[in-house]
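J.: If you read the protein sequences in the order shown, they are chains A and B. Our numbering puts the first sequence at residues 1 to 130. Our numbering puts the second sequence at residues 1 to 128.
Worth flagging that the hints you see were computed from the coordinates, not collected in a lab. Think of the CB as a built atom: it goes at the ideal place given N, C-alpha and C, for glycine as much as any other residue. Hints may be right or wrong, so weigh each one.
Reference excerpt, derived from the structure (chain B facing chain A, CB under 8 Å, subset only) [what the hints assert, rightly or not]:
#1 V34
#2 L36
#3 F52
#4 V55
#5 S79
#6 A114
Under 10 Å between C-beta atoms, here's a sample of chain B residues computed to sit facing chain A [what the hints assert, rightly or not]:
#7 L45
#8 T46
#9 I122
One letter stands for each residue in the lines below.
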Amino acid sequence: MSRESRPVSPHLQVYRWQVSNTLSILHRLTGVGLTLGALALVGWLFALASGHATFTQVIWVFGSPPSQLLLIGWTFCFFFHLCNGLRHLAWDAGYGFDRAVASRSGIAVLVASVILTGIFWFVALTGAFV
Amino acid sequence: MSLRSPLRRVLGLGASGTGTEHWLAQRLSAVALVPLTLWFVISLLTLPTLDFYIVNAWAAAPLHSILLALLVVALVYHSHLGAQMVAEDYVQMAGLRVAVLILLRLLHVALGVAGILAVFLIATRASL
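Chain B extracted, bound-state conformation (with noise of 0.2 Å):
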């Protein structure tokens, strides 16, 4: 006898009731970090310098900031969903684990909102 209602099994959830999602939103975070990240790694590479006129002349570029903004939140995003689930695995102790879930959340979404706005104060600032 099965003790899972109907509706779950049609909805094709197991115990816990979720986890598609966060198994989703990972690999879809991962295929848009292929190119971003790629991008990024060829882009410091051909810079002629890594000083900060040329950086920022690179960075503030329309097209750049946007990609660099793109790259900021798949890899945050990405990086979240990592550390969660090494978290769940390891951390042993319940109420640790969830203090270690709400740091890793509070982090990412600090580096995300620190990433993004660093982005767009150096797109828009006036020409240096």
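So that you can see chain A by itself, here it is in the shape it has in the complex (with noise of 0.2 Å):
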């Protein structure tokens, strides 16, 4: 068999779209983003250890229109790695492998982290805990 005509694995642009993989990409996806967010939050204390001046400072970079977006963008991350997580931690103990178990599981990962974001950012925006 020539190399050609070997079976290949199914790649991104043949592969059927399904509720698992696209979750399976976002898992990754999110750490990614989640990995350049450990970096804003060491920042972040490095900041506070440098004193007032310093982080507020940082505090206002952080504030500015750009930086919100972004911040809203690694809660959703946060929020979404989390909850796929705690699937996966479930298929590590050896539930909700069933077919349509895991879809439904990945749906409700997606609705449980746009609700959860949501809350999150209604709360720090209006202040509803304090």
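Once you've looked at the hints, go ahead and assemble the two chains, each given alone in its own frame, into the complex.
T.: Quick look at the structure:
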């Protein structure tokens, strides 16, 4: 068999899109996003350790519209990665492998992460907790 | 005929001879991050404002600085394990892959050290 005619594993273009592979890709994407978020978190702690002037400047940068958009993105990444991570841990423990269940839990993860992101920003912007 | 030695078979190691530790460490740090990140997010939401004096007083409290240090450790560790997997899967050129893996390791060590030291400095400075 020549190299060209060998069967190849399904690549993105020929893969039938479904809940499971979409969420698998999103899990990685949000994970990469959160690695950058970890960078921001350490930067925030560094600014806090540096003192009043630095921290106030950093807070000002975090408060600007483009950063707010970034922060909304990070909170979604966080809640998605958290919910889908719990789904992965359930799989690791042997639960929810059934195809229909895996699809339903996937949709539940998506809905939950959107709702949690919404709740977070509602509370953050209105101060409903305080 | 299996080419695996009896010892390898007993130890359950595949062709690469490793991998279980990585998988297990990723799960362990994930489990640790569930309560730590939720605590952090809820704490941020419940602080009256995010101004310097308020955040500083909150972060300097002994329990909070311990939890912050644990958060940094678990987060940086988990981030490194995940980023490593992504690089191993998608960076095709062997030389570049090694370079990226080294860079990721150094970056995460630096992040961890910086984060822990920052928390330590916040916790130990005279109250402001």
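J.: Checking against the hints above, which ones are violated?
T.: 2
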